[in-house]
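**Student:** We have chain A already, so just place chain B on it with the hints.
Chains A and B supply the protein sequences, listed in that same order.
Residues 64 to 394 (the numbering used here) make up the first sequence, in order.
Residues 64 to 394 (the numbering used here) make up the second sequence, in order.
Hints are computed from structural coordinates only; laboratory data are not their basis.
Everything hinted at is true.
Identical copies carry no separate label here, and so any pair may be met within one copy or between two of them.
Result set (SDA-like, lysine to any residue): computed pairs, CA atoms no more than 25 Å apart in a straight line: (1) Lys268 to Leu77; (2) Lys268 to Arg81; (3) Lys268 to Val82; (4) Lys327 to Ala378; (5) Lys347 to Gly126.
There are 2 protein chains.
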Amino acid sequence: MKWREELSAEIERLRPDRVFVLTDSNVSPLFHWDGTVLVVPAGEESKSLDILAGVWEDLSSLGATRRSLFVNIGGGVVSDLGGFAAATFKRGIRFVNVPTTLLAMSDAAIGGKTGIDFGGLKNEVGAFRMPERVIVDASWLDTLPQSQMREGLAEVVKSALLGSEDVYGELLNLPETLTAHNVGHAAEWSARFKEDVVAHDPHEKGLRRILNLGHTAGHAFESLAARVGKPIGHGTAVAHGLLVALRLSERLTGLTPGMADEYKQKILNRFYPALPPECRDVPKLIGIMAHDKKNPAVGEISFVLLRAVGEPVEAVRVDEKILLSDGCEGN
Amino acid sequence: MKWREELSAEIERLRPDRVFVLTDSNVSPLFHWDGTVLVVPAGEESKSLDILAGVWEDLSSLGATRRSLFVNIGGGVVSDLGGFAAATFKRGIRFVNVPTTLLAMSDAAIGGKTGIDFGGLKNEVGAFRMPERVIVDASWLDTLPQSQMREGLAEVVKSALLGSEDVYGELLNLPETLTAHNVGHAAEWSARFKEDVVAHDPHEKGLRRILNLGHTAGHAFESLAARVGKPIGHGTAVAHGLLVALRLSERLTGLTPGMADEYKQKILNRFYPALPPECRDVPKLIGIMAHDKKNPAVGEISFVLLRAVGEPVEAVRVDEKILLSDGCEGN
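Only chain A is shown next, with the shape it has when bound in the complex:
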């Protein structure tokens, strides 16, 4: 497999004194590694202080030093947890991510955001710390159920909308069943695209904010669904958020009319379930968006929009009235 060769080359280049692999209970049966492997339970629950302390303990008792290398093989939970463990063990040791899910390849494993959940809040504790390298090997994708592929697809679509008409074209023409073969190229492109954006803005002070496309409304959908006891996946939420952003872009920033509908027919409706929230929820959704911590000022709702595919416009302030009038056609 490609990832093994690239990882060997990376180890050759970095010359660590020891290598420690972190993975989860879903991924560990999928590969063999001659060396130390730490396995955490699969699932978001592993992004906890207890599990983190266990990783620190293992590193410490197994003799990891400042010259050791940590390798996170898994989805976003593994790279978030393992990246944070590496960022803080002996004030920081080097790490490499080998993402195994579409979401991790296109988003979570890239960009140096690491962390754990704490006090019931996601990523409440963490650090910015860049991996030495992210090794993207699309062949992992054939180990995933379709539901997880679809959850990951939304971030790939987002990146394509931000950065490449060609890749977006590929995505509009995907067959029903997602495979390493048909989304692999877009996944690898998406990883490199995010790396480029982050390299220009590691601490999210400017350019990196474009990655928020689809997330303003997406987060609101996600929060509201959780509140009413019908939680939806992050990918589903973002996929619906992208439609809102495309509709607003047609209205406000000159995106060619019809693109939002094309997205809805060819991507949203084919890969994602409809949302529980209905028209009467629009004011509530607006309330949630008004409290998004990424807004430039409290109460001002700001969106990343598009002039065209590949031409994002950052931080467009959108009046609540427009959202109210647009909200129902949107979904």
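**Tutor:** Just chain B, lined up with the frame of chain A:
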């Protein structure tokens, strides 16, 4: 007090949405603060995961955001713990250190090394994260017992040897009783000196290593003393380590003969107790030094030495034979 004015100015400049002060049970009675103050028990035991989790919990439940400011008022324990809490809360919020001990002013609070002890190891978990500012106000020093002043003095002497003949001259002429008045100037100079060194080398890849002057032998003294059940303070250990470095500098790097003796008479003998280790311990000390993780290669013992006061020479490899023959005159 000067620190209050400077802190107000800093808050004015940084415009945080909230300010959280962290201090310990020794320091909290010494000042009043209109606002949220988190108090941890005084002592190294507070550099623990439990106490850290408590600080995260408090920040979270009190509504700290990414725009909040953390202010660490205390000695090295407070700035190490509080700096790490700030470095990791919501992936990093800004913090300011207000060191209240001589050791923290001259060393611990400066340079961005933060962390906690874990699994019985000092600073096993932590991060490099620069404070927005270190506010050095020597008037805190008059709140300290003489023993703690002396423990802190060693790092001030070290900085002076590395960077200023004038300040070193002041230190050679200190009266027996240390006060804010007589060491304040050297303490403030020492803080700025370390800031300059660190600014050139934040991650300890080059220049910053000069700050290790006196620490190669110092750490060995400290470890051996702890092992034989007669622990000594870090300052005492470094003060004795500085004598070893000065003697080696006379022999190997051209330091004017007599300077080591002058240091011994005017500083070491006046402010520090003799060490438990004796001549027969020299081979053991060498063994400990050979395992220092800061050596360029395993088994090679490397020292920072001086050509003159203010002219350090980094990473001089010293043969064990020289250490064996020199070891006993040294102490």
